[in-house]
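Numbering follows the numbering used here, with no gaps: position 326 of the sequence shown is 326.
Everything labelled a hint here was simulated from the structure, so no lab data went into it.
Owing to the predicted nature of the structure, the values given are computational and were not obtained by experimental measurement.
Keep in mind that a hint or two might mislead.
Unchecked claim - Simulated restraints, written as ranges between beta carbons of each label pair:
| no. | residue 1 | residue 2 | range |
| --- | --- | --- | --- |
| 1 | L295 | L211 | 52 to 62 Å |
| 2 | G142 | G55 | 21 to 31 Å |
| 3 | F218 | D98 | 21 to 31 Å |
| 4 | L102 | L294 | 38 to 48 Å |
| 5 | I127 | K162 | 52 to 62 Å |
| 6 | S50 | L211 | 48 to 58 Å |
| 7 | L102 | S293 | 32 to 42 Å |
| 8 | V33 | G155 | 37 to 47 Å |
| 9 | L211 | A146 | 38 to 48 Å |
| 10 | S50 | H96 | 30 to 40 Å |
| 11 | G55 | T152 | 19 to 29 Å |
For each residue, glycine too, the CB sits at the ideal point set by N, CA and C.
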Amino acid sequence: MKKQTVQSAQAQKYKDYSLFSRYGILSIIVLFVICFSLASPAFMTARNWSSLIVGQVAVACIALGAILPMIAGEFDFSVGYTIGLLAIIGANTAQHTDSAVLVIASVLLSGVLIGLINGCISVLLRISSTVVTLGMGLVYYGVNMAISDGRTITGNIPEILKTIAKTKFLNFNLSVWIIGAMALILWYVMERTPFGKQVYAVGLCERAAYLSGIRTRFTKILPFVLCDVCIAMGALFLLGQAGSAAPNTGPSYQLSAYAVCFLSITTHKAGKFNIPGLMLSILMLAIGFNGLSLLGGPFWMESVFNGIILIVAILTTKSDARSVTIG
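When you get a sec, could you build the whole thing from the sequences and use the hints?
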């Protein structure tokens, strides 16, 4: 009888943890919304929410890209430098042509090339992706400075990029809806297609995946390419928002992007990187910092807040989510 009671208590405890793993971040979001709504009348205004979401465009694109190699068991630490380089490439191309197609193509194709370089060096040469992407990030930063000469490139940005960045539909910019569509597509690919399941399998155990017939090299390289395509989209959105490209754009977004990537393991699929958890984490951090700002919080509070939330969220999640299961 005592044994059954203990087992019942353990089962209930596991159920409680499972509920938190699925709905913990969502519960925090609801709590933040209630608290900040009561504390500041400006919080629930349409204008504030539009600004809150639009401010996360770059972080969302970088995070959506960065999480894909992470699922495959790799890391791309060049993402911050890459978005800066791609924005500079787009702005520089715009100075030499009036074709929006050429500007957009130059950014997207450059993103594909960078992804192939990172993936092929890491996977084909069997070098740690952490080392490779850190080194290549410095290379991309150097190329960025060479193209821009260390100066902000302004003018002649295609009108379509400005329209996408500034035109609103249902109170949110078109860029926000596009990112939502990107997240939905990536969620479907990673969790509902054979390829996505193969990426998770390779990240979990590459050797076992290889023995089961999965083309592990291709399956690890493609996430690097998709990563930089997402970042290229972010670079285009930044060009449209600012109407220019600054050479130091990018690195400041990287830590925030990785924070939400790691926060994703605390919800939806506990212990595993996942797209729904990523998007909820971005929303939670955006709401938290926005609310603190409305209450008079200093500018440096964002980094402190992001770090504290990341640690607390992982500590309060069940133990198997504290250890990241790659894949």
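Check: Cβ-Cβ distance between I127 and K162: within 52 to 62 Å?
Finding: Given a distance of about 40 Å, which is not inside 52 to 62 Å, the answer is violated.
Check: Should the hint that L102 and S293 are 32 to 42 Å apart at their CB atoms be regarded as holding?
Finding: 39 Å, holds
Margin query: A range of 38 to 48 Å was offered for this pair. Does it hold for the Cβ distance of L102 and L294?
Written below: 42 Å, holds
Notebook entry, point to check: Does the Cβ pair S50, L211 satisfy 48 to 58 Å?
Noted result: 51 Å, holds
Note to self: Given a hint of 19 to 29 Å, does the C-beta separation of G55 and T152 actually sit inside it?
What the structure shows: 20 Å, holds
Next item on the list: Using the beta carbons of V33 and G155, state whether their distance is inside 37 to 47 Å or not.
Entry: 40 Å, holds
Checklist line | C-beta pair L211, A146: status relative to the range 38 to 48 Å that was hinted | finding: This hint holds: roughly 45 Å between Cβ atoms.
Check: Is the gap between the beta carbons of F218 and D98 within 21 to 31 Å?
Finding: About 38 Å separates the Cβ atoms of F218 and D98, which means 21 to 31 Å is violated.
Check: So the hint says 21 to 31 Å: do the beta-carbon atoms of G142 and G55 match that?
Finding: Because 29 Å falls inside the window, the suggested range holds.
Check: So does S50 sit 30 to 40 Å from H96, Cβ to Cβ?
Finding: Holds - the Cβ-Cβ distance for S50 and H96, about 34 Å, lies within 30 to 40 Å.
Notebook entry, point to check: Does the Cβ-Cβ separation between L295 and L211 fall within 52 to 62 Å?
Noted result: Because 55 Å falls inside the window, the suggested range holds.
Consistency note: the structure conflicts with the earlier hints numbered 3, 5.
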